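J.: Starting from the given sequences, assemble the full structure and let the hints guide the process.
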Amino acid sequence: MIRRLVVLVLLVGGAVLLEPLRVPTEGVIAPRSLFLFGILLLTADTFGAVAHDLGLPRLVGYLLSGLALGPSVMGIVPPGVLQDLSMMKQLAVGMIALLAGAELRMGDLITRRRTIMWVLVLQTVLVTIAILGITLLARGTIPFLVSLDALPLLSVALLFATILSVNSPMATLALLTETRAEGPVAKTTLGIVLVADVLVILLFSVAFSVARQGLGHGQAGGEQALIGLLREVLGSVLAGVFVGAVISLYLRFVKRELVVFAVVAVFATAAAAQALHFEVLLSLLVAGFLVENVAPVRAEPLVETLHVAAVPVFVIFFAMAGAELRVQEFADLLPVVLLVVAARAVALYLAGGVGARVSGAEPAVVRHLWTGLVSQAGVALGFATIVAQRLPVVGAGLETLTVGVIAVNQTLGPILFRWGLSRAGEIRER
Amino acid sequence: MQTTLAAIAVITVGYIFAYLIFDRLRDRYGYVGGAEYVIIGFLLGPQVTGLLNAGQVQDLTPIVSLALGWLGMLLGTYFRLPTVALIEGDQLRIAFAEAVATFGLSGAALVAVFRWLTGASWADAAVQAVTLAAIATLSSPVAVDAVVDRIRSRSRIPPVLQLAARIDALVAVVAFGLLLAVLHQGEVAPGVRPPTATEWAVINLAVGVASGVLFHLFLGPRGHLEQGRLFVALAGAIVVASGASYYLNLSPIYTNLVLGFILVNSGSAHRDVTRLLLSTERPVYLALLLFAGAAWSPGSLDLLFIAPLFVAVRLGARFLGGRIAGLYVAPPELRTPGLGRGLLALGGLGVAIALNYAQVYPELHPRLILSATLLSVLLFEIVASREAAAFVSGLAEGSARPPEPGDSLPPGAVPETR
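Which chain is which? The protein sequence lines are Y and U, in order.
Mind the numbering: the first sequence is residues 2 to 431 in the working numbering, read in order.
Mind the numbering: the second sequence is residues 717 to 1134 in the working numbering, read in order.
Check the hints yourself; a few may be wrong.
To be verified - Examples of chain U residues lying across from chain Y (beta carbon under 7 Å, computed):
(1) L930
(2) V956
(3) L964
(4) Y1044
Keep in mind the hints are simulated off the structure, nothing from the lab.
This structure is a prediction, so every number in the text was calculated from the model and none was measured.
Think of the CB as a built atom: it goes at the ideal place given N, C-alpha and C, for glycine as much as any other residue.
T.: Next comes the structure, spelled out in structure tokens:
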């Protein structure tokens, strides 16, 4: 491993030697971005191997490599490079969504529907109560909440709680792919995080609308916002049905060059989503689900292809996610961040345990399901960005706090989930 | 919204038509190209539906550079020294003579075309002519291997054909790499003496060698990684080497050729690396075609006549080059004047060179070079497989003899990777 780190240092040193020979013109993608992207990939792979050797999930290594090279720590990969490479991340998210949808089996959902519903309801309720309570108790230490009156405070706290009820399909899928885990805990967790991913968009929109009203920004009525949201969700589902139909036809009549086709499908869906204002993640999730469960075609070739492409996709996604974390921004809020993380974890522990027990799930699910619900990543970060952009008074502060909590959950969540899967005896990793 | 829906409809219908047309070609002529991907790229791109606008096409540069490097590295892995050492001297002479003759003939013809038909300066004419001559010289090793594998001739010529395809690609990539080094574009930082042409050539080689050595160390002595992780490590190495070349306005294809050569000749990972590169060659090629389709625009209509002219020049040079090598350089037992007929497939490297040219010479008719290349790819790949099959089948009938050890071509370790 030391040899690999030395090679990475030499590569960076080589880049410094080449620096004076650089051409002054910079393209849309700066030439330097490409080189640094390569360094990021190699570093992520190395850190992933180190994490694996330490008994941690590889994706924690990917995250830490991004964090180490990113603007927060060494600054070798500056923000401009991440901006240049955003297309790669979009591709990664799309591929993961397609794979996640295809991994969701109708049979498993039906078998586990009681557990999924119970845990979802309890997760939403208990996390909301816990975060509301913590936010109200600690309001004096949170700068952007200090000056708020009761109603705005409550609405912002509700929005914060809603964002924190989000799980991470990316982290869940990455870990299940890495560990090749199979069993009730793996299946139930996947079902919950994917169904929650759909529901949470609705919940967030309601909470966001309430917060805007509470803060006096609600020029559009709540009903109007809800209708807009429903339209977006419905549009996403319809787009997903369309994309799923196209994929099914391709699998039925062409069935060749599946990697290229998947990449084109993701880019085309993302471009259409941008133009038609729907959620690309949800659309591809629905598309993958329909291809696997509804369409009269064999989806295995596509799923196998996506699995083959999964490792590099996860490396890209988590390394870039790590690089985008701005640690110093929430350093001042660290005590509150840790408090919120702990409260959320307790709420999830209760929700997972009680929900699974009430629904009659297997003992392993009762004991370890909660570990799969802790991770947070892309969707929650997306919500935090929306909040920062559209809530002028408290948005930036709320985003910083949220990103802090997500950063900790993003790192701890996979470690906990791996531990849970291991305790449940579901890891099939060689 | 209606525009987007119309765009999606256009793409879907366009793809179906392209698929049906090329599927018929596939059935009738054994066509193995991916022209439908050029068409779908074109439909997606800014020229037609605009679903991918010009900025988004530019955003795909990392993927394109990865693809350029990927194909360069694959070419490098064909030259594993222990197996190259087993090749007969006569075979090497024929292959090099064929490649150099094709390059020289097409280069001379194209310099004349650019100098006297388009009125370009000598330097500009040379740049465009050398680029297109390099593309004209290329023939796809994968396509040739596929035909040879399918027909299983007992003649001694098919291994020569396979070797010639590899040497063609080597000569083309090295010539293009040297062109970018010798006529280097861009300026160095203030206060630094600009390197000479020779120094740029050495720097280009050094970047490849350094990347190869470092990546060999990175993989380690055992060098065994599962496929997903090997893919990440390879992609990382290729992106680093491509990024360094792209940064210096040099050729990532050439740099990665050197990287692949070093990697396949050092350590124990060469089988895994070659297998992975071969298994991903097709998707990478199609991704390049897609990008080329999206990036394509007709450019100056006045110069568009160069594209069909290039096809004619390539055809002529290919047959003449094959004839010179097969008739005048080959010993009597390997004499085969129709060698060029088996080497018509162009493959992904041609598109890679055209795209690389567009990155480095954005002001010197990049659209024309891309148009000529794409037209060439589309036309030659329709007939290449059938012509190569006819050539190899003819050999089987005419010069059958019991196979001997060493007949099948070692470079590229094709038998062990399939």
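J.: Next, verify each hint and record whether it holds.
T.: Against the structure, the hints:
no. : hint  : result
1   : L930  : 5 Å, holds
2   : V956  : 3 Å, holds
3   : L964  : 6 Å, holds
4   : Y1044 : 42 Å, violated
Going through the hint list in order, the structure does not satisfy hint 4, though it satisfies all others.
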